[in-house]
Structures are given as C-alpha cells and as structure tokens.
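Chemist: These protein sequences, in sequence, are chains A and B.
Quick note, this note's numbering runs 5 ahead of the 1-based positions in the first sequence.
Quick note, this note's numbering runs 8 ahead of the 1-based positions in the second sequence.
All clues stand as given, with none of them false.
Below, in silico cross-link-like pairs of lysine-lysine (BS3-like), each with a Cα-Cα straight-line distance of 25 Å or less:
(1) Lys192/A <-> Lys110/A
(2) Lys135/B <-> Lys214/B
(3) Lys314/B <-> Lys111/A
(4) Lys197/A <-> Lys25/B
Stretches of chain B that chain A covers, calculated by requiring three or more beta carbons in the stretch to come under 8 Å of a beta carbon on chain A:
(5) 106-117
(6) 178-191
(7) 214-226
(8) 238-244
(9) 283-293
Source of the hints: derived by calculation from the structure; they are not laboratory data.
The beta carbon of each residue, even a glycine, is placed where N, CA and C say it ideally should be.
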Amino acid sequence: MKYVDANLVAKKMNGRLAANHISQIIFLLATLIGLVVLVILFYRVLMDGLGWINFDFLTNRLSTRPERAGIMGALLGTLWLMIVVAPVTMLLGIGTAIYLEEYAKKGRMHSFIQTNISNLAGVPSIVFGILGLTVFVRGLGFGNIVLAGGLTMSLLVLPIVVVASQEALRAVPQFLREASYGMGATKWQTIKNVVLPAAIPGILTGLILALSRAVGETAPLVVIGIPALLIPFPNGIFDKFTVLPMQIYYWTIDASIVEEYANLAAATIVVLLVVLLIMNSIAVMIRNKYQKRY
Amino acid sequence: MTDERDLRVRDMIQANKRTVTFNSIIEKCIPTILFIIAIISILTTIGILFTLIRETIYFFRDVPFLDFFTGTKLKPLGDAAEFGILPLLTGTFISSAIAMLVAIPIGLMSAVFLSEYASDKVRRILKPILEVLAGIPTIVYGFFAFTFVTPLLNRFIPMLEPTNILSPGLVMGVMIIPMIASLSEDAMSSVPNAMREGALGLGSTKLEVTWRVVIPAAMSGIISSFVLGISRAIGETMIVAIASGSSKNFTFDVTQSMQTMTAYIVEVTGGDAPAGSTLYYSLYAVAFTLFVFTLIMNLIAQYISKKFREGY
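Let the hints inform the model, and build the full structure from the sequences given.
Modeler: The following block contains the structure:
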C-alpha cells in the first residue's frame, strides 16, 4: 500500500510553489511602490522648482511679484525658530530622560510620566498649535513671534528627544557607572562625567532628528497665525517670522491666483528638502562615527 | 596603629559629610530640578486638556450638544450660523478610509517582503528608502497631491473637482505606508525562527509560513500598527488643508471637496476669528473631538500590543 501518491504531491506542489513565486513578486512590487512615488515626487518638484532657484531667490525678501520674490526671510525665520527649539528641547528632553532613567524609582510616577510621553507623541500636531495659540500667543500675550512658535514646536518634538535620550542612556553599560561609584564619585558626578559623555552621540542623533521634524512641521504654525506676506526679516526671537513650510503652504494655495507661485513653492520645497537632507546626514554621521558598542 | 588610621579615615568621612559644599548642594538639588523638568511633559498634557475642555464648555453654552453632534450643516459664518460637526466627521473618516485602503495592503505586503523574502542586501537598500518617505514633511505631500495627483486623477475621472477628498486620501495613504511597514516588520521579525523552521520542515512554502505562522504570531503588532496608522490619518492636517478645499459638504462622494476636522481648524485660525465668538469656540470643540478620537486610537493600539502580545 502506498501512503503517498507521488504524482498527486507533485501536482499540488507545483501550484503551491507557483503561488509562492507569484506572491513574492507581488510583495516586491508593493515595496517598490514607495520608491516609485518618491522618484515621481522628487522629479516633479525638481522640474517645477529647480529653474527658479538662484542667488536672488535665496537672498531676496518676499514679494507678491513672483520674479522678485525670495525666501531669505523664511530661511532666517527657520534659523531663529531652531535657536529657540534646540536649547529648550535639549534641556527638557535630556532632563526628563535622565530623571526617568537614573533617578526615578520604577513605580507609579515613573510609569505615569512614561505613558504620558508616549501619548503626547500621538497627539496631532495641530492640537499642539491650539495649545500654543491659547497659552503662548494669547495667554502670555507673546503674539505670533518666534518665541511662541519655538516653545510650541519644542513641546511637539519633546517626546522624540525624550525617547531617543532614554534609549541612549539605557545603552550605557552598568559597569561604567559602578566603576565611577567605586572611585568615590557621587551620583550626579557619575551622570555628568561618565554616563552623559557615553550617551551623547545617541542623544544628539535624536535631537537632530527632532529638529528636522520641527523644520518641516507646518500645522502648529498655521494655527499660531503666521502672516502670508511678511516683508521685514526677523532679527531675534521677539520678532514676527515665517518659515520655509509656511511659505510653501501660502504659495501652493495661492497658485490658483498666480500660476508662478506653484514654481516658487516647488523651489522652496527643494531648499527645504536640502536643509532636511543635510540635517539627517549629520545625524547619520554622528551615529556611525561615535556610537560605541560595549 | 592601624586602628588610629581607621579612625582618622572615618572621621574624615564624617567631617566630609557635615561640611556643606557647593557640590553637595548640587547633589541634593539635581533630583528635584530634573523632576520639575520631567513634570513639564505632564503639564503639557494638562495644558492641552484644560484649554480644550474650558473653551469647549463655552462653545456648548452657545450651541446645544446634540445639534453639534447630529447637525449635518456647518455654516460657521453669517447670521444664521449652524454648527454641525457631521460634515467634518464624514470628511475625516472618508479621507482616513481612503488612506488606509492604500496604506494597509501595501504597508503589510512591504513588511512581509522585507521580513520574510528580502535578502539582507536588498533590505539594506529598501529600508532607508522607506525611511526617507517617512521623513518628508507633510506640506510637501500636500503640494504633490494638489499639483500632481489631482490633475493626474482628473484624466481618468473627468468630474473630479480641483479640490477633492480622493487625492489627499491617496497621498496620505502613501505617507502612512512606511509607518505600517516598519511597525509590522518589527512585529514579524520578532517571531522566532524556530517557528518558521518548524513549518518549513513540515513542507510548507514560504507563502504558507507567512500566512499561517508568521502573520498570526505577529498579529498584535500588525493590528496595532494599523490602528496607529488610522490615528495618524485622522490627525493629518496639511495634505487635506491644501488638496481638499474648504467646502463643508455632507456627502460620501469622494470626487467632491470635503473638509476634515484638521482642515477646519486651519481655516478658522487662518481667518482670525475674534476671541469670544462662537466661531472661535467652535475651533476648540472640533479640536477636542479630534483629540479624543486620536487618543482613543492610541490607547487601543497600546492595549492591543500589550494584551495580545505573545511571549516567546
């Protein structure tokens, strides 16, 4: 008696193998869709915008006339925004991470703060805009200045920095801390002189990624109320300002009025993407160069 | 002799402990300072809740609760202003549904390919591309939807309006693909190889292993990635604000312009609503509804991945 009918097995096996093969190709194609969209997107933006990028475009003030409009104001605005966001998120993010990882006892308070941070990461950015509008712009009476926008952005990207810093601190091996204690160092001396220096590449990477998120974020600033046509350059954190994504937004929605605005928007997108590319490359470089494995 | 020296060291330690130096003050203050910093994240949550709830209460003094949640007309300006949130809710759900129809199948298939089929080399090329896709600012996607996808769709669907919900929905789906792909891939990669090898040893093909072993085992992670994707789609702002226009249609026709909750907030804040008006308060009522929806989604995702996680 034959337990296995070889012919039947072979027949069935062919179909199963074919299904496996076909689905492998489908899965590959699905993965490539992302790549295709990315290529089309870059191609479109470059075609529309590259011809408009020149020295004047980068250094001129904003203007209603497309051929005279420049984005220097938006570039400076983005820079000033970063000058607020970088130190604030660094202080708040690293401070929170050190507290959670090094000082807090694993208890109710610890898990409460931790849960709260992961929930904050899921809050839509526009809700942070409402918070900024209510508290910073109106409540404290700042108006729509760099400081108000920067503080709002800082709260928005805070969870990114906290989580990245926590991972970096956790990756510092316990024996380094114990060696430091063994030499008679106190807890803060250990953190300051041993743990933080060892964790700083990971923390910096997270910080730069958070900043690049803030550079590209638009929704909270729309809510705070950034003027569409701001001629004077911002000269400090108490000035009114505009940023690159805001300018893209206004030029895109006004493209139905003046056609060339679409080209200006595309050109600004190219500049924005270049800025983001530089920031992300720095982050990757820091990660590859300084990250030690213990 | 040794005793004496011991005593001296002990005395020195005692003396050291008694003297209050700058360093010892810092040592005592640091935990408190760090605690205060850590509390700021909680204050942020409280701040969000407080501002949203307070102004929403003011809003419901002007507009009855039921009218808001069952009203099919949203006409915030003019004398006979009506505040029904249903047009915004349908807009939000339709755009999110379109996005998920794109993102779930493609994201899941990408995850399967990356985790089960791709060689290390291919994975090392494809993953960074997905990461780039995830890092593009949403305003760029909005520009892309408005100036490229809508005109492209218009060739196949002639009655498509220049602003419509279909095009931002599709682009939003592309935006969410990397998120679902990478979270699902994480879940699948954490399924132990022994389970795959067991199934392969019994004569399964790779497809059967994926379908019957890996996906069921990684189900909690996969589902929670879907839920997080939905939450992301509901909260997405710039793509819909640019490409879907501002008509507050109560309709299910995807070729028409619709407004989402997020786009409504953008429109109202852009128009400088006078503080204290019903229009101004409606901003908070809509934002609060949005906040509640995304919070529920995020809590569901956390619950699923915690509750149904299989330990290996």
